[in-house]
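Participant: Protein chains in written order, with UniProt numbering: chain A, 1 to 186; chain B, 1 to 186.
A few of these clues could be false.
As the list makes no split between identical chains, a pair holds if one copy fits it or if it spans any two.
In silico lysine-lysine, DSS-like type, Cα no more than 30 Å apart, as pairs [unchecked claim]:
{"hint": "1", "residue 1": "Lys173", "residue 2": "Lys6"}
{"hint": "2", "residue 1": "Lys102", "residue 2": "Lys182"}
{"hint": "3", "residue 1": "Lys102", "residue 2": "Lys32"}
{"hint": "4", "residue 1": "Lys173", "residue 2": "Lys137"}
{"hint": "5", "residue 1": "Lys137", "residue 2": "Lys6"}
{"hint": "6", "residue 1": "Lys182", "residue 2": "Lys6"}
Derived from the structure by calculation, the hints contain no laboratory data. Quick caveat: nothing in here was measured; it's all calculated off a predicted structure.
Chain by chain, the residues:
2 protein chains.
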Amino acid sequence: MRRNYKKENLPVDKIRKFLEPGPIVLVSSRWKDETNIMSMGWHTVMEFSPSRIGCFITGANHSYDMIRKSRECVINIPTVNLLDEVIGIGNSTGTQVDKFRKFKLTPEEADEVNAPLIKECYANFECKVVDESLLRKYSFFILEVVKAHAAVYPKYPTTVHYRGEGVFMISGKNISKVRKFKPQNL
Amino acid sequence: MRRNYKKENLPVDKIRKFLEPGPIVLVSSRWKDETNIMSMGWHTVMEFSPSRIGCFITGANHSYDMIRKSRECVINIPTVNLLDEVIGIGNSTGTQVDKFRKFKLTPEEADEVNAPLIKECYANFECKVVDESLLRKYSFFILEVVKAHAAVYPKYPTTVHYRGEGVFMISGKNISKVRKFKPQNL
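Extracted from the complex, chain A is given alone in its bound form:
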């Protein structure tokens, strides 16, 4: 079942609330006339202002060259209803199929980058590559989020988290511990 998320702009320094819990994301890219999507689980927030993300993408992925050449991509947050698409995207390569078409996903124009947003995802973070110094040695891209869009409802998406060996953890219930935090640590 596809959801038609109504989205608003999200301040880029707030994206950590969606990435820090460790969801599988879909990375969309565009180079010349071609678009592509890959599934990715190896990423981390690196700073919130400027809003930085680090992520591991090997040269074995068709997306690697597309992101390296265009110096842009979009990090999209899929929810559990897209789990079969997440797996299918990971199982196939953009050298052979048009993944937007094959998985019936809708590319939308981004505001700050040429790479397309994936409409069916809960949130979309437009990114520019800002540091390639770890690319050759570690296949590690450092990205800056330049624009972010996130659904208004629900407040927290039901994300999927990879446990290896074909098993996914579905994000569970939330516990607020706000009163236990020092305000500056929230």
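Given the coordinates of chain A, assemble chain B onto it according to the supplied hints.
Facilitator: This is chain B only, laid out in the frame that chain A set:
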């Protein structure tokens, strides 16, 4: 409630199953006669063989200097029963308190590093700092896991994942999609 996890050695190339879903971890360190613990949510798997982890730790943390000088630390995986300790550890600084003592956690000798394991955690990954080239610009440590210990039961720990604003997501149910994967992508 504390759990007395029975642990076995885990091949270091298998640690991703515990880190990739994005849990909050506790980082323990030792420098000279002092030990310390910090709570950390900004980390990613970077490779499984060699087993590499990248993590963001700023100089504002007392642990930063301890890890930089000793070039070692342990990544410990706490479960939800330690959530109040996770928050308390994040709220306090090792310059003022002995966190093992204050939070009644038990330091155990590691095999390959001098930093202590935290006995009460589900898993413990002994790490050496292998690359500091992003430290000054991004506060980003690249670690290699040299030895790993993980509980035998339960198969998957109930971990906590930070959503920001004082809210934690508790890891939810698992779904096996193993039959949908290409074997080489598992």
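Participant: Against which earlier hints does the structure fall short, listed by number upward?
Facilitator: 4, 5 and 6
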